[in-house]
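What follows is each chain in one-letter form.
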Amino acid sequence: MTGDHSFRGVLVDDLRVQFGTVEAVAGVDLRVDQGQAMALLGRNGAGKSTTMRVLAGVVPPSGGYAVVGGHDVREESLDAKRVVGYCPDVGGLVPRATPWEHLQLNARLRGLVDWEARGRALLERFDLGDVAHRVTAGFSHGMSRRLSVVLAALHEPAVLLLDEPFDGVDPVGVEATFEVIQDARAGGAAVIVSTHLRDLAVEVCSEVAVLRGGTRMATISSGFMAGDEGARAYRALLAG
Amino acid sequence: MAALTVLAALAPAWIHLDRDLAPLLPAGLAALVVVGVGGAVAGAGGRELLARDPASIHPISPMTDHLGALLLAPLNTGWLIQTWALLGLSASIAGPGRLLAAQAVTLAWILAATTLGQAVAWAVECVRRGPRGLAIVRGVVGGLVALLALAGALPEGRRLLVGGPAGAVADVVASPRGLPVALALVLLVGAAVGWTVIGGRFAQLASRRMPRDEGRLETRTHEARPDPRSDLAVLRRIDRASVWRSVPLRRGTWLLAIAPGAVALAGGLDWSGLVLLPGLVASGCVLLFGVNLWCLDGRGMLWRETLPVAPRTVLLARACVLGEVLLGAGLVTVVLGAVRAGVPSFAELAGVVLALLVVVGQAVSAGLRWSAARPHAVDLRSARATPAPPLVMVGYSLRLAMATTFTSLLLGALAAGGRTDLLLAATAAFLLVSGLRVARAVRRWEDPVRRAVVVAVVAA
Numbered sequence: 117m118t119g120d121h122s123f124r125g126v127l128v129d130d131l132r133v134q135f136g137t138v139e140a141v142a143g144v145d146l147r148v149d150q151g152q153a154m155a156l157l158g159r160n161g162a163g164k165s166t167t168m169r170v171l172a173g174v175v176p177p178s179g180g181y182a183v184v185g186g187h188d189v190r191e192e193s194l195d196a197k198r199v200v201g202y203c204p205d206v207g208g209l210v211p212r213a214t215p216w217e218h219l220q221l222n223a224r225l226r227g228l229v230d231w232e233a234r235g236r237a238l239l240e241r242f243d244l245g246d247v248a249h250r251v252t253a254g255f256s257h258g259m260s261r262r263l264s265v266v267l268a269a270l271h272e273p274a275v276l277l278l279d280e281p282f283d284g285v286d287p288v289g290v291e292a293t294f295e296v297i298q299d300a301r302a303g304g305a306a307v308i309v310s311t312h313l314r315d316l317a318v319e320v321c322s323e324v325a326v327l328r329g330g331t332r333m334a335t336i337s338s339g340f341m342a343g344d345e346g347a348r349a350y351r352a353l354l355a356g
Numbered sequence: 038m039a040a041l042t043v044l045a046a047l048a049p050a051w052i053h054l055d056r057d058l059a060p061l062l063p064a065g066l067a068a069l070v071v072v073g074v075g076g077a078v079a080g081a082g083g084r085e086l087l088a089r090d091p092a093s094i095h096p097i098s099p100m101t102d103h104l105g106a107l108l109l110a111p112l113n114t115g116w117l118i119q120t121w122a123l124l125g126l127s128a129s130i131a132g133p134g135r136l137l138a139a140q141a142v143t144l145a146w147i148l149a150a151t152t153l154g155q156a157v158a159w160a161v162e163c164v165r166r167g168p169r170g171l172a173i174v175r176g177v178v179g180g181l182v183a184l185l186a187l188a189g190a191l192p193e194g195r196r197l198l199v200g201g202p203a204g205a206v207a208d209v210v211a212s213p214r215g216l217p218v219a220l221a222l223v224l225l226v227g228a229a230v231g232w233t234v235i236g237g238r239f240a241q242l243a244s245r246r247m248p249r250d251e252g253r254l255e256t257r258t259h260e261a262r263p264d265p266r267s268d269l270a271v272l273r274r275i276d277r278a279s280v281w282r283s284v285p286l287r288r289g290t291w292l293l294a295i296a297p298g299a300v301a302l303a304g305g306l307d308w309s310g311l312v313l314l315p316g317l318v319a320s321g322c323v324l325l326f327g328v329n330l331w332c333l334d335g336r337g338m339l340w341r342e343t344l345p346v347a348p349r350t351v352l353l354a355r356a357c358v359l360g361e362v363l364l365g366a367g368l369v370t371v372v373l374g375a376v377r378a379g380v381p382s383f384a385e386l387a388g389v390v391l392a393l394l395v396v397v398g399q400a401v402s403a404g405l406r407w408s409a410a411r412p413h414a415v416d417l418r419s420a421r422a423t424p425a426p427p428l429v430m431v432g433y434s435l436r437l438a439m440a441t442t443f444t445s446l447l448l449g450a451l452a453a454g455g456r457t458d459l460l461l462a463a464t465a466a467f468l469l470v471s472g473l474r475v476a477r478a479v480r481r482w483e484d485p486v487r488r489a490v491v492v493a494v495v496a497a
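Order-wise, the sequence lines are chains A and B.
Everything in the first sequence is counted per this note's numbering, starting at 117 for the first residue and increasing by one.
Everything in the second sequence is counted per this note's numbering, starting at 38 for the first residue and increasing by one.
Keep in mind that the hints were calculated from the coordinates and are not lab data.
Quantities reported herein were computed from a predicted structural model and do not represent experimental measurements.
Take every hint as true, because none was put in to throw you off.
Some chain A residues well away from chain B (every beta-carbon gap over 10 Å; in silico):
# : residue
1 : Asp129
2 : Asp130
3 : Thr137
4 : Asp145
5 : Tyr181
6 : Arg241
7 : Gly258
8 : Pro287
9 : Leu354
Label pairs and their in silico Cβ distance ranges:
#  : chain 1 : residue 1 : chain 2 : residue 2 : range
10 : B       : Ala261    : A       : Leu194    : 26 to 34 Å
11 : A       : Val288    : B       : Gly252    : 25 to 33 Å
12 : B       : Pro263    : A       : Pro287    : 30 to 38 Å
We put the beta carbon where it would ideally sit given N, CA and C, even for glycine.
From just these sequences and the hints, can you work out the full model?
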């Protein structure tokens, strides 16, 4: 498949990632249009985080094709990184830098101007305003998760990738993350949320893709994955 | 290492030297105590068997931690080199006939000095973690360093430093006879047992107190500064913060900047000796974080790798920060050492300055290579943390020490011979090699697969 560079969402075709003899991603296909949000669900080791890392430009694909915001992640790596906002699944923060310094680094490297007001507003929304100038090494897990979402959202990216954004986060943080996702969709961004929390995923996303063993098992409308019926359907997909 | 230790302890006994080395022995014995105490105090209780966070879920008692630190104490180049030199000196002085007795006493001294260092380190850590502990420790350590420098500068002070227990043990090693040897062994081994028990007690006390220095840095507020003017500047700023806000890195850098300079000041080292110090400082400082440069980002490396910036800019920023730390520490050492070194000739001054530049280049290029080739997931929050496992650190430090010492000796010899032309040529050659190695490291860092491996390890 050749890339459709006019497409500004996320397009993944037969994506493969090999770590030594282990194939972490074995032919994933995804399509997320602008203004849409897709949840990635699946068991541990299903390939969700690896897929997200490929889209974020951290892990080069071993095969297949991935386009974000009209840029091939392999061929136009820097351009792809410019249009992506990524919240990693673990950590994601420089331990001895402050949140404000993270924002400064992000803003400078992305060429943002007059970003300070939005930065402050995001920190306040995620209840991090009081610790904006404290080093992140002393942050709790939930605080780190919230700040990672702030960093992913600062530049209003065309593609927002949130990997486990709700993990260990309090209700205020979950609500703020919902708002960020809704704002991004309203602004025309393509959003992918990888999580184990199905209830939250179906609440904020329009579609759900279930991965198993490094491949996509199904893509289903969120409505079908909600409630007890959805839970049964999800378990059936995981069991194969 | 075991083979080298045996070699150092035996071979010199059969080498005949015209020079009488016995007068050097008391200073060698005293120096081992200084190295043992200084290293353990700077390391906030010595090396960890397990890193702090992974260890916290295991039932490891403070006494086990203390004994583990004692066990790992030899995995330190400063300690190793000092010990090898001391064993070699003892063997040379004692000769083949009395080698066994002499080396038994020397080994007992090494044991006692190491356990003393560990006990003092835990005692200092207890105070440091107490009320106003930081200020007290800084005041006392600063005062002691000044006192040592002063004592070393005066003949009476020098006699005092190398007299006492070091002098008495040196006498026994120089002429080991039955009763004095037995007495020395009983006293030194007894002292080692005593220091071990006392150290364990202090370790228990320290474990009940919060590490204030680390807590202070982690809760400190840093006011926002204006936006940097370039990508390189913003990267350098955040990398600098990662170094100077880390307790082990800050403490280690200051120790390595000041301690060799203070020793040079005390010993009245001349310019031909000063030329060796930048290599010592650079190879020590690069071991603080330079051999695993990417660990400064910790798990944040995963996010940093998604930022739209050329990989070479990221690498150059890191190299600049490493270079400035090494240069700064080396300069402090040289300035301290220069106070009593007299007025240098142009060649001597050039020798020291160029040696500093060359060894910094060597250390930076080695750090860049090793950081990409063998990354480790390390959290540099604990004052006892090191950027790589202890055995790996020994390998790195020996390789660096050999390279920088050889380079410094060569440049020093050219400077002493007044051959400024050859000095400049050798400097240019060394810098060219380092430059080529840095360029190769930059090219390798531009490979996304290689970077992904480093990110996966460091952010694990």
